[in-house]
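Colleague: The chain contents come next:
Protein chains: 2
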Amino acid sequence: MESNLHVYNTLSREMEKFEPINPPFVGMYVCGPTVYSEVHIGNVRTFTSFDLIYRYLLHLGYKVRYVRNITDVGHLLDDSEEDKISKKARLENIEPMEVVQRYTVDFHDTMKLFNALSPSIEPTATGHLIEQIELIEEIVKGGFAYESNGSVYFDVQAYSKNENYGELSGRNIDELLVNTRELDGQDDKRHPADFAIWKKAEPQHIMKWHAPWSLGFPGWHLECSVMSTKYLGATFDIHGGGMDLKFPHHECEIAQNKAGYGQDPVKYWLHTNMLTFNGRKMAKSEGTGVTPRQMITGDHPLLTQAYSPMTIRFFMLQAHYRSTLDFNNEALQAAEKGFKRLMRGVEDVQQLTAEPTSSLNIDQWKADLYTAMDDDFNSPIAIAQLFEGVRYVNLIKDGKEHLSASDLSLFQSTFTGFIHDVLGLKSEDEGDDGQVDGLMQFILQLRNEAKERKDYSTADSIRNTLQELGFVIKDGKDGTTYTKA
Amino acid sequence: MESNLHVYNTLSREMEKFEPINPPFVGMYVCGPTVYSEVHIGNVRTFTSFDLIYRYLLHLGYKVRYVRNITDVGHLLDDSEEDKISKKARLENIEPMEVVQRYTVDFHDTMKLFNALSPSIEPTATGHLIEQIELIEEIVKGGFAYESNGSVYFDVQAYSKNENYGELSGRNIDELLVNTRELDGQDDKRHPADFAIWKKAEPQHIMKWHAPWSLGFPGWHLECSVMSTKYLGATFDIHGGGMDLKFPHHECEIAQNKAGYGQDPVKYWLHTNMLTFNGRKMAKSEGTGVTPRQMITGDHPLLTQAYSPMTIRFFMLQAHYRSTLDFNNEALQAAEKGFKRLMRGVEDVQQLTAEPTSSLNIDQWKADLYTAMDDDFNSPIAIAQLFEGVRYVNLIKDGKEHLSASDLSLFQSTFTGFIHDVLGLKSEDEGDDGQVDGLMQFILQLRNEAKERKDYSTADSIRNTLQELGFVIKDGKDGTTYTKA
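Here the protein sequences come in this chain order: A and B. The first sequence begins at 11 in our numbering and counts up one residue at a time. The second sequence begins at 11 in our numbering and counts up one residue at a time.
None of these hints come from the bench; they were simulated from the model. Some hints here could point you the wrong way.
Intra- or inter-copy, both count: the list cannot distinguish identical chains.
[Claimed, not checked] Result set (DMTMM-like, lysine to aspartate or glutamate): computed pairs, CA atoms no more than 25 Å apart in a straight line:
| hint | residue 1 | residue 2 |
| --- | --- | --- |
| 1 | Lys347 | Glu478 |
| 2 | Lys484 | Asp470 |
| 3 | Lys240 | Glu105 |
| 4 | Lys436 | Asp116 |
| 5 | Lys407 | Asp470 |
| 6 | Lys484 | Asp465 |
| 7 | Lys407 | Asp197 |
| 8 | Lys484 | Asp447 |
| 9 | Lys410 | Glu438 |
| 10 | Lys240 | Glu212 |
| 11 | Lys407 | Asp378 |
| 12 | Lys199 | Asp485 |
| 13 | Lys484 | Asp358 |
This one's a predicted model, so the numbers in the text were calculated from it and none came from an experiment.
Working from the sequences, and respecting the hints, build out all of it.
Modeller: Below, the structure written as structure tokens:
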């Protein structure tokens with residue numbers, strides 16, 4: 011297993027040659043969604059980026075175990091006490107797991123629309139409470155956490171004696187001291203930078219479990235430490251997530267792992283960049299919080315039209331995962347055209363025929379394609395190279411260039427394979443609808459010609475046959491239209 | 011909330027009027043799949059039956075919380091010791107949760123093909139270990155279980171002093187004593203009828219957790235007691251499952267709930283019957299273990315053709331859920347025809363036009379439809395009544411019967427709504443393909459007519475236009491055929 015892949019490691023702030031710990035195995039952990047609301051288009055970008063990374067690693071021949079968690083421990087509160095008393099039955103009360111189910115199903119449906127592969131494992135926070143409690147016990151035992159009023163806090167100062175809390179995000183403790191504004195439970199902490207790894211539940215808190223310290227729930231950062239270690243080992247290859255997770259989430263993960271398992275967990279940290287809309291940060295409060303569903307239906311004031319899932323995926327892949335990406339109608343419409351052009355290339359490339367010799371250097375073209383992806387998964391450059399391939403297709407079609415049988419076969423398999431398997435782009439099956447419409451327009455034209463030559467029996471027979479096939483024909487002053495019955 | 015629904019309760023062995031504990035709420039728990047292999051077509055039947063029940067309850071206006079668990083605690087063993095030592099990394103070893111993920115995704119995809127609604131909650135066994143350990147502690151505390159060599163066994167004799175172990179399945183302890191052939195761990199049990207609620211793990215067992223008795227795993231029956239109670243309350247309305255689960259699984263569930271929570275958990279026990287193939291029990295070992303995927307592709311020696319998911323669903327609904335159902339090609343082919351006839355009815359009913367008066371009694375027709383479903387969800391009778399509806403459609407179309415505007419509107423909404431919402435049947439979108447084929451046959455006929463009258467320019471123009479639309483035309487001695495390019 012030899013590749014020339016290089017990745018940008020957030021921890022070292024450098025490009026590094028990708029050398030997995032136990033090749034050909036690769037362990038990759040990505041922080042997944044919190045399933046208490048509809049997934050945000052920014053999340054979709056993050057998961058699409060890691061889908062590209064997962065696909066490329068598989069394409070290179072690595073045996074990848076891709077773990078993406080589901081955060082299902084939520085902080086829903088029950089209704090007020092009076093209301094609660096009036097409700098006798100369990101069924102009358104809100105059940106967090108019902109919310110979890112709705113948005114988990116929705117998340118899976120959404121990612122399937124965007125043609126993302128399922129991860130190898132999708133562990134849930136509620137599925138790993140015993141392991142989380144055990145990790146807390148280890149951290150306490152090591153002197154890196156303390157109990158306070160039923161909650162347990164990670165002791166950042168104790169940890170910082172020998173470790174660099176802030177190594178990933180570049181923050182330092184003094185700065186954190188000034189910037190920490192979290193007041194809830196602040197009195198229980200020895201230091202404002204300390205963070206909860208177990209929280210005692212308030213009475214109205216619904217999701218809670220018995221643990222040695224209280225009836226409570228684990229701190230959010232904990233689940234990722236536990237689940238990545240359980241499924242990938244104490245040190246694994248890639249940890250990914252949106253860059254808003256660098257601090258505090260990922261910083262805390264490193265600290266928990268080092269304090270509890272005694273090991274630096276991650277070799278390569280990969281972070282995806284943020285989305286904007288019309289140049290502004292996406293936020294529900296500002297009216298720019300567009301959901302994937304709204305993008306697909308076009309049902310949002312900022313959208314001038316609907317965009318297909320593959321158009322959106324293609325649009326996302328046209329930016330590098332570490333660049334910010336601005337959603338706007340002009341750029342999305344350009345992507346729609348570009349995507350169609352690329353898919354036409356996929357159709358056309360199969361129709362090409364070979365000549366005795368080649369006038370194009372396909373080996374070089376292919377090498378450039380892989381060079382782009384080997385450069386930290388640079389999909390925009392790879393896509394540009396694929397458009398160069400579309401140009402080749404058209405030149406060959408027009409007889410201006412030609413390929414030998416072996417070059418043509420290499421070109422076809424690389425071009426199509428890369429678009430389908432690595433970029434995860436697929437035809438959107440408009441084929442049939444397009445064909446129905448094409449056939450209908452043609453038949454209506456034949457009917458018009460019959461009417462023009464006053465062959466009304468043919469014109470009527472066409473109308474009747476179409477009616478039997480489920481089409482309603484309407485002759486208006488602007489011509490003839492049809493609808494499906 | 012008033013309905014006239016009656017259900018057959020396995021516990022009382024009688025039809026009973028359905029009266030939920032806290033109307034309009036209904037709590038329903040169904041034992042879900044074990045996700046260590048592809049789901050069996052018999053499981054699909056069970057889940058399709060409960061999908062029908064869920065849909066009908068929703069249709070009647072009940073607020074249903076439908077819980078269907080996923081058994082993800084498996085008994086995979088690790089490789090032999092030598093092999094294990096040679097593998098240094100976590101990633102090189104088999105990971106049960108990777109198997110779980112594959113078959114969970116597959117299960118969801120399959121149920122979606124059969125148009126089953128997602129349950130309200132799909133809890134996992136691994137997600138409820140703390141709750142399971144707590145229930146074991148309660149059962150031990152009550153004197154209904156004992157520890158033995160790190161495992162914990164339910165004490166059937168102690169329980170039977172005041173309770174009737176066997177009330178659901180109709181078995182008695184003496185019989186159980188004679189019939190119990192389970193040897194594993196038998197020495198640890200006080201009585202052969204006792205069953206494990208916690209098992210100490212052998213060293214090669216992969217999935218195991220720390221509990222007060224040992225590093226081990228919960229007995230299989232336990233998860234359903236815990237998860238039904240957690241999400242539906244200590245006593246809830248409906249518990250369902252395949253009838254092979256009556257004993258020991260459901261019998262043990264009742265015993266665990268009564269011993270641990272002090273309550274009889276379930277008001278109505280509903281059990282689905284088994285499938286056969288060509289009159290024989292389905293079993294992998296006998297070559298009759300057909301998977302849903304094989305039914306859909308037709309790729310099994312016993313299948314003479316492929317069957318669409320809706321054909322299979324319709325076929326299943328044509329039998330009552332408490333009847334055995336025999337899969338065979340003749341019956342499936344008949345169902346395929348019947349399903350198409352029903353869907354043609356759905357199309358045609360919308361085309362009917364009203365008259366001033368009615369010659370058919372639609373109120374009676376509708377009442378009969380609901381009477382069928384109110385009789386323990388008798389879908390075969392309901393389907394027969396819908397075919398009576400198809401007969402009405404055709405009579406009205408032929409002008410032999412007629413409906414007033416209000417009767418027609420009632421007939422249309424009941425007929426269509428029942429098929430879509432209650433039976434969960436939908437058109438399989440062959441519409442387009444059928445339409446493409448219909449249009450193509452028509453155009454090819456026009457082209458033949460042109461050729462016959464020696465109008466070759468029209469014939470050629472048709473061929474060229476079709477080619478542009480992606481069709482390849484072939485003139486052979488048996489006529490003209492086309493393929494999609």
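Colleague: State for each hint whether it applies.
Modeller: Results for each hint:
When the C-alpha separation of Lys347 and Glu478 is checked against a cutoff of 25 Å, the pair qualifies only between copies, where the shortest distance is 20 Å, while the shortest distance within a copy is 35 Å. Within a single copy, Lys484 and Asp470 get their C-alpha atoms as close as 13 Å, which meets the 25 Å cut-off; across copies the closest is 28 Å, which misses it. With identical chains, the CA atoms of Lys240 and Glu105 are at most 25 Å apart between copies only, with a shortest distance of 10 Å across copies and 28 Å within one. When the C-alpha separation of Lys436 and Asp116 is checked against a cutoff of 25 Å, the pair qualifies both within a copy, at 21 Å, and between copies, at 21 Å.
Taking identical chains as interchangeable, the C-alpha atoms of Lys407 and Asp470 lie at most 25 Å apart only when they sit on different chains, with a minimum of 22 Å there against 40 Å within one chain. For the homomeric pair Lys484 and Asp465, the shortest alpha-carbon distance inside one copy (18 Å) is at most 25 Å, but the shortest distance between copies (28 Å) is not. Taking the closest pair of Cα atoms, Lys407 and Asp197 never come within 25 Å of each other, the shortest separation being 74 Å inside a single copy and 78 Å across copies. Taking CA atoms no more than 25 Å apart as the test, Lys484 paired with Asp447 passes in both settings, with 15 Å inside one copy and 22 Å between copies.
In this assembly of identical chains, the alpha carbons of Lys410 and Glu438 never lie at most 25 Å apart, being 31 Å within a copy and 45 Å across copies at closest. When the C-alpha separation of Lys240 and Glu212 is checked against a cutoff of 25 Å, the pair qualifies only between copies, where the shortest distance is 19 Å, while the shortest distance within a copy is 30 Å. Within a single copy, Lys407 and Asp378 get their C-alpha atoms as close as 23 Å, which meets the 25 Å cut-off; across copies the closest is 66 Å, which misses it. For a Cα distance limit of 25 Å, the shortest separation of Lys199 from Asp485 qualifies neither inside one copy, at 78 Å, nor across copies, at 84 Å.
For the identical chains of this complex, Lys484 and Asp358 are inter-copy neighbours only, at 20 Å across copies versus 35 Å inside a copy, given an alpha-carbon limit of 25 Å.
Hint compliance for this structure: hints 7, 9, 12 are not met, and every other hint is.
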